[in-house]
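In case you want the letters, here they are:
There are 2 protein chains.
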Amino acid sequence: MLKIEKIAIVGVGLIGGSVALRLKQADAVGEVIGVGRSSASLNEAMGLGVIDRALDLTEAAALADCILIATPVRQMPEIFSAIAPHLREHALVMDAGSTKQDVVAAARLQLGTKISQFVPAHPIAGREISGVAAADALLFENKKVVLTPLTENSPALVATAAALWRACGAQVSTMSAESHDAIFAAVSHLPHMLAFALVDEFAARPNAKTLFSFAASGFRDFTRIAGSSPEMWRDIALNNRAALLAEMDAYLIKAAQLRALIARADAPQLEALMQRSHDAKALWLAGELDHFRDESV
Amino acid sequence: MLKIEKIAIVGVGLIGGSVALRLKQADAVGEVIGVGRSSASLNEAMGLGVIDRALDLTEAAALADCILIATPVRQMPEIFSAIAPHLREHALVMDAGSTKQDVVAAARLQLGTKISQFVPAHPIAGREISGVAAADALLFENKKVVLTPLTENSPALVATAAALWRACGAQVSTMSAESHDAIFAAVSHLPHMLAFALVDEFAARPNAKTLFSFAASGFRDFTRIAGSSPEMWRDIALNNRAALLAEMDAYLIKAAQLRALIARADAPQLEALMQRSHDAKALWLAGELDHFRDESV
Numbered sequence: 145m146l147k148i149e150k151i152a153i154v155g156v157g158l159i160g161g162s163v164a165l166r167l168k169q170a171d172a173v174g175e176v177i178g179v180g181r182s183s184a185s186l187n188e189a190m191g192l193g194v195i196d197r198a199l200d201l202t203e204a205a206a207l208a209d210c211i212l213i214a215t216p217v218r219q220m221p222e223i224f225s226a227i228a229p230h231l232r233e234h235a236l237v238m239d240a241g242s243t244k245q246d247v248v249a250a251a252r253l254q255l256g257t258k259i260s261q262f263v264p265a266h267p268i269a270g271r272e273i274s275g276v277a278a279a280d281a282l283l284f285e286n287k288k289v290v291l292t293p294l295t296e297n298s299p300a301l302v303a304t305a306a307a308l309w310r311a312c313g314a315q316v317s318t319m320s321a322e323s324h325d326a327i328f329a330a331v332s333h334l335p336h337m338l339a340f341a342l343v344d345e346f347a348a349r350p351n352a353k354t355l356f357s358f359a360a361s362g363f364r365d366f367t368r369i370a371g372s373s374p375e376m377w378r379d380i381a382l383n384n385r386a387a388l389l390a391e392m393d394a395y396l397i398k399a400a401q402l403r404a405l406i407a408r409a410d411a412p413q414l415e416a417l418m419q420r421s422h423d424a425k426a427l428w429l430a431g432e433l434d435h436f437r438d439e440s441v
Numbered sequence: 145m146l147k148i149e150k151i152a153i154v155g156v157g158l159i160g161g162s163v164a165l166r167l168k169q170a171d172a173v174g175e176v177i178g179v180g181r182s183s184a185s186l187n188e189a190m191g192l193g194v195i196d197r198a199l200d201l202t203e204a205a206a207l208a209d210c211i212l213i214a215t216p217v218r219q220m221p222e223i224f225s226a227i228a229p230h231l232r233e234h235a236l237v238m239d240a241g242s243t244k245q246d247v248v249a250a251a252r253l254q255l256g257t258k259i260s261q262f263v264p265a266h267p268i269a270g271r272e273i274s275g276v277a278a279a280d281a282l283l284f285e286n287k288k289v290v291l292t293p294l295t296e297n298s299p300a301l302v303a304t305a306a307a308l309w310r311a312c313g314a315q316v317s318t319m320s321a322e323s324h325d326a327i328f329a330a331v332s333h334l335p336h337m338l339a340f341a342l343v344d345e346f347a348a349r350p351n352a353k354t355l356f357s358f359a360a361s362g363f364r365d366f367t368r369i370a371g372s373s374p375e376m377w378r379d380i381a382l383n384n385r386a387a388l389l390a391e392m393d394a395y396l397i398k399a400a401q402l403r404a405l406i407a408r409a410d411a412p413q414l415e416a417l418m419q420r421s422h423d424a425k426a427l428w429l430a431g432e433l434d435h436f437r438d439e440s441v
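One line per chain: the protein sequences are E and H, in this order.
One gets our numbering by counting positions in the first sequence from 1 and adding 144 to each.
One gets our numbering by counting positions in the second sequence from 1 and adding 144 to each.
These aren't lab readings, by the way, just hints derived from the structure by calculation.
One should not assume that every hint holds.
If chains are identical, the list can't say which one is meant, so a pair holds when it fits in one copy or spans any two.
Below, a list of computed lysine-lysine pairs in the DSSO-like style, where the Cα atoms sit at most 30 Å apart [to be verified]:
#, residue 1, residue 2
1, Lys-287, Lys-353
2, Lys-353, Lys-288
3, Lys-168, Lys-353
Just chain E, same shape as in the assembly (with noise of 0.2 Å):
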């Protein structure tokens, strides 16, 4: 059974305040720290019941049994660089970016010998929302939290890593670093780039407003991740720049070949895509996992 004595919470957000809400209900922790740039917001998660208190991040450092910084991953090196001092022993660091090679060279960098402490964790659970006040002790109930664990790290440490997400309801991977960015870049920072295209190029129309008139539920569903924080994906597309990179070429060469079979009107090509793609979907809702390729690459 997992029991934090005291958590230092740095970015008291909706990723931030959805764990100090978790751990709190699940009796998983002592006292929940706040640690923010903003004092209106820490006295709004004091206010909501997310942090018992608020404390400056170096003395926050100096106490925690736990440090999970939730803030933009940009804000992170100085972070790290700030409590590299003052961490107690047998600290447990964790951040929760959406990227992690990067995390990991800052951590390296501003750790220096410490870097042992520091677990890097991915919780996929965002939201368009953002600010504690959406902080939700249900987000990551039964959503994926991927570990890049170090070399450096203990097995005891990574455990209690991934003992403290599984408290948050999430079903825990470890993975490295490398593959998580090559897969997120794919999965998720790809199709957000796609999305924010699609708005902008329309945006820009002379006729804008009559295409946004007649935009459907297709369309908002499609465009639903375009909504989310400019600020973070632009760290995100620029911190996973290469994965990214060659996930935009592979893209735009696919549609490129789709656009060929509809110009020389291929009729059996295409429909024999939308149907691979078809299936592949209702595949993936069902869960069927079993049925794709799974060759290491």
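Starting from the known structure of chain E, arrange chain H on it as the hints suggest.
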């Protein structure tokens, strides 16, 4: 108050069945005659109370005051040809196809001098499910229906067509078939192609199982429309080929521009694009369409 003595529904599936159910509920129709290729599905429609009786196409055409052709677009030329000799003098003929210029061309060719009786219609109310069992009297409630009237149509006939769809709960717009096809190539047909391409791209990968196992709600919504009928969408893509190719080209240019921003790590421009997209999405969802450009094109 609309009252149609006898309506013939050719193709009693989701769309045709939903029209029948709603018109019956609204007491806007005397008798619903079903026409279809499969006696099993006609029996099902009868059992569900969607149609009152089933007849052959030519028998139905000779009796009906209104004929709604709700089949895949590809079958329409043959249907127009079959009904032409049998149409009652004042009967209204409508289709419910997702493309309009191709249907109008087929109608002109097959209906000859009776073309004035044909009012092209496109109800914007797709679902991924099909078949009469999915028919729903509320399918068109507050949805848009686009009519693309012909110069040969009398104002009275167009008014009857509009009244029928309003009786189904829909908001009726009119425009040219050319405008219709250009608009829906953008807001509907293009996103469908992009979603089909993405799912097929991942399904073909050696690590497809891993990709699909980490795909989450963003991917699910982005690709929902990839679950649509391959047969129907093959036809839409080919029947609206010119407009769709123009949209695919515009989109591929836009996506390549976004790729270039990422490749050169242009954080300000990247964030600006995402912010424009984010804001446009929010305005659209809020129904604030007056913020968008509205210039004739």
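Okay, the hints, checked on the actual structure:
{"no.": "1", "hint": "Lys-287 - Lys-353", "in the structure": "between (38 Å within a copy, 17 Å between copies)"}
{"no.": "2", "hint": "Lys-353 - Lys-288", "in the structure": "between (39 Å within a copy, 15 Å between copies)"}
{"no.": "3", "hint": "Lys-168 - Lys-353", "in the structure": "neither (47 Å within a copy, 35 Å between copies)"}
Violated hint: 3 only; the structure is consistent with all others.
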